Amino acid sequence: MFIDRSMTKNVITIGKDTNILEARDLMQEHHIRHLPVVEPDGVLIGIVTDRDIRSAMPSTLQDELNCDAVDDKLREITVGRFMTPDPMTIQPAYTIQDALLLIQDKKVGAFPVVDEAGKLKGIISIRDLIRAFINVLNIGEPGMLLGILVEDKVGQLKRVVDAITEEKVSFGSVLVSRHWEEGKRAVFPYLLTNNIARIKKKLRDMGYTLLDPMDWYLDQLPKHE
Amino acid sequence: MRRTGFLYDERYLLHCTGSCHPESPERLKAAYQGIEDAGLLPELTRIHAVPAQQRWIEKVHHINYILRFEEACLLGMDELDYPDNQMCRETYDTAMLAVGGILETAKMIMEDKIDNAFCAVRPPGHHAEVNKAMGFCYFNNVAVTARYLQEAWGIERVGIVDFDVHHGNGTQHIFEYDPTVFYYSIHEHPSFAFPGTGREFEKGADAGQGYTLNTPVLPGQGDREYLDLIKRDLLPAFEFFQPEFILASTGFDAHAEDDMSDIKLSTEMFTWIMKVLMGLADKYAKGRIISVLEGGYSIQRLPELIKNHVEVMMTP
Numbered sequence: 000m001f002i003d004r005s006m007t008k009n010v011i012t013i014g015k016d017t018n019i020l021e022a023r024d025l026m027q028e029h030h031i032r033h034l035p036v037v038e039p040d041g042v043l044i045g046i047v048t049d050r051d052i053r054s055a056m057p058s059t060l061q062d063e064l065n066c067d068a069v070d071d072k073l074r075e076i077t078v079g080r081f082m083t084p085d086p087m088t089i090q091p092a093y094t095i096q097d098a099l100l101l102i103q104d105k106k107v108g109a110f111p112v113v114d115e116a117g118k119l120k121g122i123i124s125i126r127d128l129i130r131a132f133i134n135v136l137n138i139g140e141p142g143m144l145l146g147i148l149v150e151d152k153v154g155q156l157k158r159v160v161d162a163i164t165e166e167k168v169s170f171g172s173v174l175v176s177r178h179w180e181e182g183k184r185a186v187f188p189y190l191l192t193n194n195i196a197r198i199k200k201k202l203r204d205m206g207y208t209l210l211d212p213m214d215w216y217l218d219q220l221p222k223h224e
Numbered sequence: 000m001r002r003t004g005f006l007y008d009e010r011y012l013l014h015c016t017g018s019c020h021p022e023s024p025e026r027l028k029a030a031y032q033g034i035e036d037a038g039l040l041p042e043l044t045r046i047h048a049v050p051a052q053q054r055w056i057e058k059v060h061h062i063n064y065i066l067r068f069e070e071a072c073l074l075g076m077d078e079l080d081y082p083d084n085q086m087c088r089e090t091y092d093t094a095m096l097a098v099g100g101i102l103e104t105a106k107m108i109m110e111d112k113i114d115n116a117f118c119a120v121r122p123p124g125h126h127a128e129v130n131k132a133m134g135f136c137y138f139n140n141v142a143v144t145a146r147y148l149q150e151a152w153g154i155e156r157v158g159i160v161d162f163d164v165h166h167g168n169g170t171q172h173i174f175e176y177d178p179t180v181f182y183y184s185i186h187e188h189p190s191f192a193f194p195g196t197g198r199e200f201e202k203g204a205d206a207g208q209g210y211t212l213n214t215p216v217l218p219g220q221g222d223r224e225y226l227d228l229i230k231r232d233l234l235p236a237f238e239f240f241q242p243e244f245i246l247a248s249t250g251f252d253a254h255a256e257d258d259m260s261d262i263k264l265s266t267e268m269f270t271w272i273m274k275v276l277m278g279l280a281d282k283y284a285k286g287r288i289i290s291v292l293e294g295g296y297s298i299q300r301l302p303e304l305i306k307n308h309v310e311v312m313m314t315p
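Just so you know, the sequences run in chain order D and C. For the first sequence, counting from 1, position 154 maps to 153 in numbering that gives the first Met the number 0; every step adds exactly one. For the second sequence, counting from 1, position 275 maps to 274 in numbering that gives the first Met the number 0; every step adds exactly one.
The set of hints was computed from the structure by calculation and includes no laboratory data. Treat the numbers as computed from the prediction; the structure is a model and nothing was measured. The beta carbon of each residue, even a glycine, is placed where N, CA and C say it ideally should be. Each hint should be verified, as a subset may be incorrect.
[To be verified] If the Cβ cut is set under 8 Å, some of the chain D residues that face chain C in the computed set are:
(1) Ile-138
(2) Gly-142
(3) Ser-169
(4) Leu-191
(5) Thr-192
(6) Asn-194
(7) Ile-195
(8) Ala-196
(9) Pro-212
(10) Met-213
[Claimed, not checked] So, partial list: chain C residues that the calculated Cβ filter (under 8 Å) puts toward chain D:
(11) Pro-82
(12) Ser-190
(13) Gly-195
[Stated by the list, open to error] Think about it this way: if two alpha-carbon atoms lie no more than 35 Å apart in a straight line, the pair counts; the simulated DSBU-like pairs of lysine-lysine are:
(14) D:Lys-8 - C:Lys-202
(15) C:Lys-112 - C:Lys-306
(16) C:Lys-58 - C:Lys-306
(17) D:Lys-200 - C:Lys-306
(18) C:Lys-58 - C:Lys-106
(19) C:Lys-230 - D:Lys-199
(20) D:Lys-199 - C:Lys-28
(21) D:Lys-106 - D:Lys-120
(22) D:Lys-201 - C:Lys-28
(23) D:Lys-167 - C:Lys-58
(24) C:Lys-285 - C:Lys-230
(25) C:Lys-28 - D:Lys-200
(26) D:Lys-199 - C:Lys-263
(27) C:Lys-230 - D:Lys-157
(28) D:Lys-201 - C:Lys-263
(29) D:Lys-199 - C:Lys-282
(30) C:Lys-263 - C:Lys-285
(31) C:Lys-282 - C:Lys-106
All chains, please: the whole structure from these sequences, using the hints.
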């Protein structure tokens, strides 16, 4: 769960003397929103986001007739003038959980990852974290999701896992979440099987309530007074 | 009455999946029983299975996978790739007979010996990927048939309709980049059902962009939603595509009494679906349609469902 496994390592970077049009084109070409600014020796000195570029550019609606002249002026604007210098960074030994909490707390879209000497090692963005979570959930593998309501007390997960394991079914992942009903939790095993009927029956026979997606659907229907 | 073919072979019962497995030989016995008890057998052209030539299977599956599957069987292994895929020593031969029987059926239609056909085969096929067995499926029966029709008989556009309650991931992936085979599937929403693919935004890729169409249906929904969604999605798609031959991946597991899913179709709805497919076949494909059995696990309901299905195919 360390971020150096999930971050993007081949980072597209720019130097501080690059002009704004080149920076914009680089982002468009690679479909990215963050460009770390580095010195020739790889030390990170700033970051440019697509929002920085947009606010540094004139409006697309203004000066439509005078585009070439505007572009000439823009070419004189270098990244060093509008980048965020000394951005918040994290180290490769940070965990995915660290990155999630930090991205939420600092309200940024990505963190450059640097080593102790300040050299850029990678970048971790919200997209990288989404990819990491698709892996964790294992939803790229064939399987199906169950929702099981359990008492909020020790040992419930073991019972569920044991019951499913006895049926020789592999787990893609298991999520546990709070449930709106007090004293209950919801367990969501993602099971790598198509052979689900007997497992549902077994869990019901053990006294568990299976969360029925139909309940959600019924909630959406218009209510007649 | 139409000249309807019926592929069934007792050797399809030899693929054993062990006790407590839903994809059991009893399913096929129930299917046959439904047709026999209704007195339909004399009206049908019986087709007997022959093993497929491997060269046709290689049009879809990687040679390494074919050999790996055969070897696993010869060694007496009891599963392939996932524990779902329980097997016995006869599984490989049975799977060859399933594909071979359907290819024979396709040939009879192209030679104008029959008009259409229902193929009661095991093992099913629509989850089988190019190099992987999945969801009780080993060879992708329908996909191999589509390739056979194209290459042996010059059919240019094959339309596949998959109304098994599970998404046919294998079939979709095999034809994802191919604009000559249209894959349409209606199934329980992948966030709630196996295999977790077949979302609305999966529409094919590159040259095949727009030649895959998925209609996911939420758990608990039934006839009314299927009716609306098939009219909304399938009908315009085939009007656009103009298939010259239709292959149906036929599953009965969306039935309300089938406990493999939470979709609640009535018995009558399956008849309606098949009437729609027959209408499409008449309109675009000179009536040429092969229905190939995929899932459907309610031993109580299968005889009636399959009888109705075949009766629709026989009706002009």
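Legend entry - Numbers of the earlier hints that this structure fails to satisfy, in rising order: 27, 29
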